[in-house]
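**Q** Residue-level listing of the chains:
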Amino acid sequence: MTGEALRSDALRKVYATRGAPPVEALAGVSMEVRPGERVALLGRNGAGKTTFLRIASTLLRPTSGTIEVFGHDAARAPDKVRPYIAVVPQEGKPFFHLTPREQIYTYLRARGLGRETAKARTEEALGRMGLLDFADRLAITLSGGQRQRTMVATVVATQAPLLFLDEPTIGMDPFARRAVWESFRTLTTRGSTILLTTHYLDEAEALSHRLYIIESGRVLRSGTAEELKRSVGGTLKVTLSGGNGLAESFRSFGSVMDDGEQVTVIVNPERLSELMDLALRSRVSATVGPVTLEEAFLRVVGRSINED
Amino acid sequence: MRTEAARRPSPFRGFRAFFWTEVLVQAHENLAMATSMVVQGVLLVFVWILDPSLIGVALLGAILFSMFTMGQRVLNEAAYIRIDHKANDLYLAGPLAPEAYFLGMSVGILVVYLSPVVILWILAAFVVHFTVVLVLLLLGVSAVVWISAASIGYVFSTFFRDNRAIWAYASLFFNVFGVLPPVFYPFDRFPTALQPVALVMPPSAAAALVQHAIGATPLAPGQIALAATSLVVEASAIFLFAIYWARRTVQGA
Ligand SMILES: Nc1ncnc2c1ncn2[C@@H]1O[C@H](COP(=O)(O)OP(=O)(O)O)[C@@H](O)[C@H]1O
Ligand SMILES: [Mg+2]
Chain A
1 MTGEALRSDA
11 LRKVYATRGA
21 PPVEALAGVS
31 MEVRPGERVA
41 LLGRNGAGKT
51 TFLRIASTLL
61 RPTSGTIEVF
71 GHDAARAPDK
81 VRPYIAVVPQ
91 EGKPFFHLTP
101 REQIYTYLRA
111 RGLGRETAKA
121 RTEEALGRMG
131 LLDFADRLAI
141 TLSGGQRQRT
151 MVATVVATQA
161 PLLFLDEPTI
171 GMDPFARRAV
181 WESFRTLTTR
191 GSTILLTTHY
201 LDEAEALSHR
211 LYIIESGRVL
221 RSGTAEELKR
231 SVGGTLKVTL
241 SGGNGLAESF
251 RSFGSVMDDG
261 EQVTVIVNPE
271 RLSELMDLAL
281 RSRVSATVGP
291 VTLEEAFLRV
301 VGRSINED
Chain B
1001 MRTEAARRPS
1011 PFRGFRAFFW
1021 TEVLVQAHEN
1031 LAMATSMVVQ
1041 GVLLVFVWIL
1051 DPSLIGVALL
1061 GAILFSMFTM
1071 GQRVLNEAAY
1081 IRIDHKANDL
1091 YLAGPLAPEA
1101 YFLGMSVGIL
1111 VVYLSPVVIL
1121 WILAAFVVHF
1131 TVVLVLLLLG
1141 VSAVVWISAA
1151 SIGYVFSTFF
1161 RDNRAIWAYA
1171 SLFFNVFGVL
1181 PPVFYPFDRF
1191 PTALQPVALV
1201 MPPSAAAALV
1211 QHAIGATPLA
1221 PGQIALAATS
1231 LVVEASAIFL
1241 FAIYWARRTV
1251 QGA
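Chains A and B are the protein sequences, given in the same order. 1 is the number of the first residue of the first sequence in the working numbering; add one for each residue after it. 1001 is the number of the first residue of the second sequence in the working numbering; add one for each residue after it.
Watch out, some of these pointers could steer you wrong.
Result set (DSSO-like, lysine-lysine): computed pairs, CA atoms no more than 27 Å apart in a straight line [claimed, not checked]: (1) B:K1086 <-> A:K80; (2) A:K93 <-> B:K1086; (3) A:K119 <-> A:K93; (4) B:K1086 <-> A:K119.
Computed Cβ-Cβ distance ranges for the label pairs, DEER-style [claimed, not checked]: (5) A:S241 <-> B:Y1169: 50 to 60 Å; (6) A:Q262 <-> B:T1035: 35 to 45 Å; (7) A:E91 <-> B:V1233: 57 to 67 Å; (8) A:T141 <-> B:D1188: 31 to 41 Å; (9) A:D173 <-> B:H1028: 23 to 33 Å; (10) A:G114 <-> B:A1027: 19 to 29 Å; (11) A:N244 <-> B:R1164: 30 to 40 Å; (12) B:A1027 <-> A:T224: 14 to 24 Å; (13) B:T1131 <-> A:H97: 35 to 45 Å.
Honestly, the hints are just simulated from the structure, not real lab data. This one's a predicted model, so the numbers in the text were calculated from it and none came from an experiment. Where a beta carbon is used, it is the ideal one built from N, C-alpha and C, also for glycine.
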């Protein structure tokens, strides 16, 4: 076994659909995930996140490039990889005619776990994910968020060495999301590795050790949330409203974004008082806050789109 | 944690558990079990009214038709849980063997949908004189027809991306091949020129052998050989291909 839980090198995937131009979903993605890490893939819709996860989890062949999971080639030796992994598919659903308890238990049994282990893990996962109140109701009677929690619980219960989770918390309430984060943290402290995608940037920040931003099938940035936030040229975000031509007047302070209603400026603390002075003189309302990962993401990806 | 991985991969790994999963899932569809008998029921009523002397042939045909349309259920189920539930992603990106997934699903469906077939057997027993040989023959050809149909159903399921298209194609395929050839009616009423075709299609080949066994339509030795050989050869070939295909298509068709 090599050092990495996952390593991809120049991974490409071109979807060829009859009667339509081919789509290059991955245009050479290289990344690595170390054992015990929680890594998030961020990117706009269609960036290639699901494609990457499906190739890594042996559900899709790449067009070229290599991808290894615990040292085994996921494309050419999928049988060697499968025992190590578990997947929450994007938009997956539990069987409607099973209860969450049955779904988790039968799934663990189908993965080859013994009765006692499967039973114990099922109860643990139901408890952790707050599913006990409806553990014996058919999934067809559950809400969307409850079904999604069942899917996540099913996969978390495997305690597989490497988990792939494609938008695992979609549709969940804030309490449920936190329960999921907690269960992911527990898994990695027990030695599992997690690669997930999410559009909730607060989640990515709270949960992952490192992030990859994917855009048009390429890795645009990688690093910690801190590094990413610092890369946008400041640690503070000033939101301005109530004036005309704000974007122009404040451009000299740092990166500016204008959404029509408000203008946000990223600044370093040293220039904050100067900026606030100008805002005061121009009779513009200004609110100061820390740069969020969402802010950084918007700027990094936005810049890349503009360059195209 | 690594114990799962340490075991040797077997094509049956997880079969029993996935089979039970499928039984639990299917058993909830009570109405579907009744619906699975609609075509047979209607045809049996027609035969009963038009020519009661043929009801034995029709009942045996209904048993074989029921085994054949299990393939339609496999097709629908495999496509539905892959497309709607992403069950392929959940189950196959893991230690469960792809073969066990296909077989577990097929056998699960078989077991659940066998209950209405048992009723057909009981009805047939009132009309047809069941000898040991006939029972064994009927069991044998039922199994062979089922293996072909389930394999065809699973392989077909991998070609679809949308459930709507499946409803149309699956129903067309299984009803045309199960109803038009001489399955419910005597083999010798089928146009002579087309009889060899009927002898190489699993449901009608099986029906011809069974009809011969009860003396309804005697076959020539050559016809018996053709029907028996094509049944066994086709079922084996399709089944082996389905096993291969089940593993191959995990990474996309
Ligand atoms: N089966 C497919 N056939 C053709 N194109 C596809 C297929 N799946 C995804 N794509 C395309 O590949 C690109 C990446 O998709 P995906 O990996 O699902 O993105 P993400 O998960 O980041 O939203 C998109 O342009 C999408 O339209
Ligand atoms: Mg996606």
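**Q** Each of the hints needs a verdict: does it hold here or not?
**A** Structure-based check of all given hints:
no.: 1; hint: B:K1086 <-> A:K80; verdict: holds, 22 Å
no.: 2; hint: A:K93 <-> B:K1086; verdict: holds, 7 Å
no.: 3; hint: A:K119 <-> A:K93; verdict: holds, 21 Å
no.: 4; hint: B:K1086 <-> A:K119; verdict: holds, 24 Å
no.: 5; hint: A:S241 <-> B:Y1169: 50 to 60 Å; verdict: holds, 58 Å
no.: 6; hint: A:Q262 <-> B:T1035: 35 to 45 Å; verdict: violated, 58 Å
no.: 7; hint: A:E91 <-> B:V1233: 57 to 67 Å; verdict: violated, 42 Å
no.: 8; hint: A:T141 <-> B:D1188: 31 to 41 Å; verdict: violated, 54 Å
no.: 9; hint: A:D173 <-> B:H1028: 23 to 33 Å; verdict: holds, 28 Å
no.: 10; hint: A:G114 <-> B:A1027: 19 to 29 Å; verdict: holds, 25 Å
no.: 11; hint: A:N244 <-> B:R1164: 30 to 40 Å; verdict: violated, 53 Å
no.: 12; hint: B:A1027 <-> A:T224: 14 to 24 Å; verdict: violated, 50 Å
no.: 13; hint: B:T1131 <-> A:H97: 35 to 45 Å; verdict: holds, 41 Å
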